[in-house]
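*Asks:* What follows is each chain in one-letter form.
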Amino acid sequence: MSEPLLSVRDLRAWFFTDQGIAKAVDGVSFEVREGETLGIVGESGCGKTVTSLALLGLLPEPPARLMDGSSVRFRGQELVGADEKQLRALRGNEISMVFQEPMSSLNPVFSVGDQITETLRLHRGMDRRAARAEAVRLLGEVGIPEPARRVDEYPHQLSGGMRQRVMIAMAISCSPKLLIADEPTTALDVTIQAQILELLAELRRTLGMAVLLITHDLGVVAEVCDRVVVMYAGQVVETGTVEDIFVRPAHPYTRGLLGSLPSVGGAGGRLVSIAGTVPSPLHWPDGCRFRARCGLAGDGCEAPQDLVELGAHGRAARCWRART
Amino acid sequence: MTEPMTKPARAATEGSAGIDRSGPPLLEVRNLVKHFPVRGGPFGRARAQVRAVDGVSFDLWRGETLGLVGESGCGKSTTGRTLLRLIEPTAGEIRYGGQDVRALDRMGLRALRRRAQIVFQDPVGSLNPRLSVGAMLEEALTVHGLGLPNRRDRAVELLERVGLSADHIDRYPHEFSGGQRQRLGIARALSVEPDFLVLDEPVSALDVSVQAQVINLLQDLQAQLGLTYLFIAHDLAVVEHVSDRVAVMYLGRIVELADAREIYHAPRHPYTRALLSAVPRPDPVGRESRQRIVLEGDVPSPIDPPSGCPFHPRCPHPAKDASCRGVGPSLDGPRAGPLVACHHPLQSAGTQA
Numbered sequence: 001m002s003e004p005l006l007s008v009r010d011l012r013a014w015f016f017t018d019q020g021i022a023k024a025v026d027g028v029s030f031e032v033r034e035g036e037t038l039g040i041v042g043e044s045g046c047g048k049t050v051t052s053l054a055l056l057g058l059l060p061e062p063p064a065r066l067m068d069g070s071s072v073r074f075r076g077q078e079l080v081g082a083d084e085k086q087l088r089a090l091r092g093n094e095i096s097m098v099f100q101e102p103m104s105s106l107n108p109v110f111s112v113g114d115q116i117t118e119t120l121r122l123h124r125g126m127d128r129r130a131a132r133a134e135a136v137r138l139l140g141e142v143g144i145p146e147p148a149r150r151v152d153e154y155p156h157q158l159s160g161g162m163r164q165r166v167m168i169a170m171a172i173s174c175s176p177k178l179l180i181a182d183e184p185t186t187a188l189d190v191t192i193q194a195q196i197l198e199l200l201a202e203l204r205r206t207l208g209m210a211v212l213l214i215t216h217d218l219g220v221v222a223e224v225c226d227r228v229v230v231m232y233a234g235q236v237v238e239t240g241t242v243e244d245i246f247v248r249p250a251h252p253y254t255r256g257l258l259g260s261l262p263s264v265g266g267a268g269g270r271l272v273s274i275a276g277t278v279p280s281p282l283h284w285p286d287g288c289r290f291r292a293r294c295g296l297a298g299d300g301c302e303a304p305q306d307l308v309e310l311g312a313h314g315r316a317a318r319c320w321r322a323r324t
Numbered sequence: 001m002t003e004p005m006t007k008p009a010r011a012a013t014e015g016s017a018g019i020d021r022s023g024p025p026l027l028e029v030r031n032l033v034k035h036f037p038v039r040g041g042p043f044g045r046a047r048a049q050v051r052a053v054d055g056v057s058f059d060l061w062r063g064e065t066l067g068l069v070g071e072s073g074c075g076k077s078t079t080g081r082t083l084l085r086l087i088e089p090t091a092g093e094i095r096y097g098g099q100d101v102r103a104l105d106r107m108g109l110r111a112l113r114r115r116a117q118i119v120f121q122d123p124v125g126s127l128n129p130r131l132s133v134g135a136m137l138e139e140a141l142t143v144h145g146l147g148l149p150n151r152r153d154r155a156v157e158l159l160e161r162v163g164l165s166a167d168h169i170d171r172y173p174h175e176f177s178g179g180q181r182q183r184l185g186i187a188r189a190l191s192v193e194p195d196f197l198v199l200d201e202p203v204s205a206l207d208v209s210v211q212a213q214v215i216n217l218l219q220d221l222q223a224q225l226g227l228t229y230l231f232i233a234h235d236l237a238v239v240e241h242v243s244d245r246v247a248v249m250y251l252g253r254i255v256e257l258a259d260a261r262e263i264y265h266a267p268r269h270p271y272t273r274a275l276l277s278a279v280p281r282p283d284p285v286g287r288e289s290r291q292r293i294v295l296e297g298d299v300p301s302p303i304d305p306p307s308g309c310p311f312h313p314r315c316p317h318p319a320k321d322a323s324c325r326g327v328g329p330s331l332d333g334p335r336a337g338p339l340v341a342c343h344h345p346l347q348s349a350g351t352q353a
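Respectively, the protein sequence lines represent chains A and B. Mapping of the first sequence onto my numbering: position 247 corresponds to residue 247, and the numbering continues sequentially without gaps. Mapping of the second sequence onto my numbering: position 271 corresponds to residue 271, and the numbering continues sequentially without gaps.
In isolation and in its complexed conformation, chain B is listed as follows (with noise of 0.2 angstroms):
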């Protein structure tokens, strides 16, 4: 049976203020390594290590939305597809509800998958194109276990709950817009009940008029079922919009974590504060007195990671100095933020330390 799925609701404006950090967190990572390794010669042996995920930790409180923000290469989504298992992590601990979830088999693995599930970016390449919708909804739950004589009213109840209809559910995905398949995508998520959704670049590949209708039925759905999301992107504005906390990574490794306003507020990593920087403000008033921190070069490659600090080659801060380039600075500090990996962090916004 289904069962109604109404939960304590919480106004999408609320912000972190509603969040509660005082029980233990829905997921805990605490080190998560991922390397993959670079195959090359006659014997096709791991020459090198591609550094992807480099020592990443955070926890999840319940109801609440953690952003995951960065560039290309910096690990991100990598993240996200090892706290499922989707991609087997190198070390590191993972537990979800208390659960050590390295330690699952297979069995344990699909109970995991109905608590905790994954939207990609790209809503074609992952909706099979010979299922109807109808079909596609039912498989997802028939193979959960979740096969009941009236899988197909749960179908269309879905498709209603995403803004879809019951007119949709014998169409198949061709037929659907950019924006109805990402609804196709979440449905498909929601379909067994998750707890928790991976959303990875959810909106990316949309329109801007289409991302924000997305954006605004994510932000529903959590007031809605109470769900907690990681909110994978490289789009600082549409991460700051929907985030209760950020986390900001750089070359595998989270480099600042705090609330959301006071991350884009007072960035105290130098690498948080140029990106910020750098992002096109949609506000041509004195544009000209802006101030912009262009970065010099390109991102280091993950198979050779600088030294020290992984940012110090770029870092623009003047009180850079021998330490940068020694000892990696640790994320140390409280669970829920504010944290930051650097030697000389910023004080406030604009202003050095």
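Only chain A is shown next, with the shape it has when bound in the complex (with noise of 0.2 angstroms):
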């Protein structure tokens, strides 16, 4: 297999603050191949965020810090503690990404032409004339109505959505290999959920980039991805193909999750809840992160568990009881 596009290899971002040290994400590893969906899914404060700000360089630093042994290799490039220039040479262009909440990643006070175009101008060294024509080619390739006329609009006139659309069309200018997607349609409801992830699948397969979609929805998950990364409490606790997570789950926490689901045409019935809440970052229990919470704790959780391997392709699941 050819090397991946993206690999991290035990991240660790700590939190110094005055209660103590929150470590937020705990020695994370994963890959993103060429042209493929990976999901990275998990509940708040699993670290799926922090996850994501560090791959650029995005954490604020301090209080966050990446502990030593950390790596983020970019096509065979060393991300951490490369300089600000390297990283800005970076993002946007290979690398951009999509937040959840538009309205507050665009500036108010300009136009979405201008927003776009400073984009072109800055990335492509495109002259004036020419990045407006592209930005209203951009417009229009992300679905957006009337793009010549919309272009001189300014954020607040477009709807959720639109903005979101906007937004996409900011972070795919520059051709990236790569578009992190840090929970693009939350804010979004869920018709509208449905355009954005239809082009952003529509946009995968015409510029072939990959994408790292971060997420907390599982239908989401199931629905565009062909690799997921499970987390909890900090660390990473399965990895498998969409099938292997939804049809064969490994981990007592992926079981309760996709069990706390109520389903569109399911059963009704009573849902299999997890017990009790995410532990805190700042006190991770010791053992198994959520032996605590779950219904098979019992002799061999009281020790850290390791990702167990389960067969080819990245399958594993950090449980001991999984090897059987």
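Incorrect hints may appear among the rest.
Across the chosen pairs, the derived CB separations fall in these ranges [claimed, not checked]:
(1) B/P42 x A/L122: 40 to 46 angstroms
(2) B/R102 x A/G287: 55 to 61 angstroms
(3) A/A130 x B/S204: 41 to 47 angstroms
(4) B/Q291 x A/V272: 25 to 31 angstroms
To list a few chain B residues with every Cβ distance to chain A over 10 angstroms, as calculated [unchecked claim]:
(5) P37
(6) G97
(7) N128
(8) D304
(9) P306
Keep in mind the hints are simulated off the structure, nothing from the lab. All C-beta atoms, glycine included, are put in the ideal place defined by N, C-alpha and C.
Both chains are sitting in their own frames, so use the hints and assemble them into the complex.
*Replies:* So this is what it looks like as structure tokens:
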């Protein structure tokens, strides 16, 4: 197999706070291959967003710090410890990001066109006229009706779905190899979410880019991802293909998450909830971090758990019981 | 004295089969309207009206759960608040237990709110940060004239009922997790022993594992106490799971109302069908062949809703014609449903009329 596009090894992003050290991301490893969609899924506080920000050096340091041994390689180039100039050359060019709330990522005092042309002039060295024409083309490509008129509108004049389309237009303006999308549809209504997911799938096909999708929504993961990383308490607890995760989940946490979901057209009845709440990153439990909430916990769970390989293609689960 | 809170139990899995709809409904809503003025200009005159709720009618029988579902801005939350007169309706009729809710004076409203309570989405914003849990629950009892000497015992009983414990009674809201705070919101609503709860997005802010805990709790409480729920949410899977009947709202109106299983397996309104097909399914098997209807454009503004059927500009129905633009379809039929406001309702899942 060829070298992965992005390779993350033992990423540890800790926050040094007055209350103590919050080990938000605590030894995370995964790969994104050329052209694939990898989903990172987990509940709030599991470390998925901190992971995505750490990849591009976007964590505020201090309080955050990437601990020794953390490695993020993009097409062979090490990004941890890279200087700001190198990172800047990558960000927006080869790797770009889309966030949950487009309103806070767009500048309210500049028109949509101004913001896209700025990116184009900065990253692609276009002149004003060429950049404007390209901005109109990009807005059309992301499905904005009447792009030649919309290009002069301001963010507040657009609906939530349209704003997210503008963010995506900016993100793809330099034909990135990797798009990191952090909860890109969470703030949107379900019919608009369907439009945006469709758009992302189409762009991925036409541009051949890989997508790293970060979300809490298992339904979205099942709809669009090729492979999945499940996170819990700052660690990866399970990885596999989307079928592995949804059809043959190996980790008790993944099984609990799936059981917690009411499904459309489902049978009703009682949901399998997971007892208790997510622990605090200031005090991860010793041993298996899921132990206190796990219905299967017993002897062998008080030891820290390693990811157990379960066959080929990076299938693994952080549970000693998964071995059998 | 607190009487034991037990009423005929109903298994959570029973569905609408166990609901007795032969008697009069607990709640009757007819042509409910709420318009909010948009003010502007130098004298702050109303320039336009936001037609948040634009003629909503439904009945709710004792012991059942009616799900009210729709996308943001469809008027579902405004409907819930208007029912309890937390917002004054512009027009229409609300009868609770046969009583005209719109005619109630202050004393009458207070009596109503002992019987009908509301739980909000955001447990943080709706709990007073400076009151301990015990003080909060005791206050609710006192306000409603239930300030008995044993009200602290009653507070403990409430906490235990929602899955918390007596140890929590002297803690403050910030010491609780999101799921626990929602349990507190439910305990406070239950403190006055209501018959009816408006649940306004009660689990939307919660993580999925905690969401399941709260859904199970709400279903257990309904079975134990014989409560009636109006369950308002945008999450269709959650609404189907908890509801006996479901009403789908679009632009301030109910477009379809039917038994929960029926509406999900055989939606009759083109909007309901599109909405259901857009929900991401947590099942990757066969996702390529799944038929998904992607609606074009956004929901129109409720300030200037389209003529005729409010859904007609986005409707993908091939039978769409001039009548859809001209005349708004009505929602006539049996009170309990099925009802559909469409000139060309779909016959069953996936087939056209």
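*Asks:* A separate judgement is required for each hint: does it hold in the structure or not?
*Replies:* Taking the hints in turn, this is what the structure says about them:
1. B/P42 x A/L122: 40 to 46 angstroms: At roughly 44 angstroms between Cβ atoms, A/L122 and B/P42 fall inside 40 to 46 angstroms, so the hint holds.
2. B/R102 x A/G287: 55 to 61 angstroms: Given a distance of about 60 angstroms, which is inside 55 to 61 angstroms, the answer is holds.
3. A/A130 x B/S204: 41 to 47 angstroms: The hinted range 41 to 47 angstroms holds for A/A130 and B/S204, with Cβ atoms some 45 angstroms apart.
4. B/Q291 x A/V272: 25 to 31 angstroms: holds, 29 angstroms
5. P37: Non-interface label stands for B/P37: nearest chain A Cβ at 21 angstroms, farther than 10 angstroms.
6. G97: Holds: least Cβ distance 28 angstroms, greater than 10 angstroms.
7. N128: holds, 22 angstroms
8. D304: Its Cβ never comes within 10 angstroms of chain A, the nearest being 15 angstroms, so this holds.
9. P306: holds, 16 angstroms
Checked against the numbered hints above, the structure breaks none of them.
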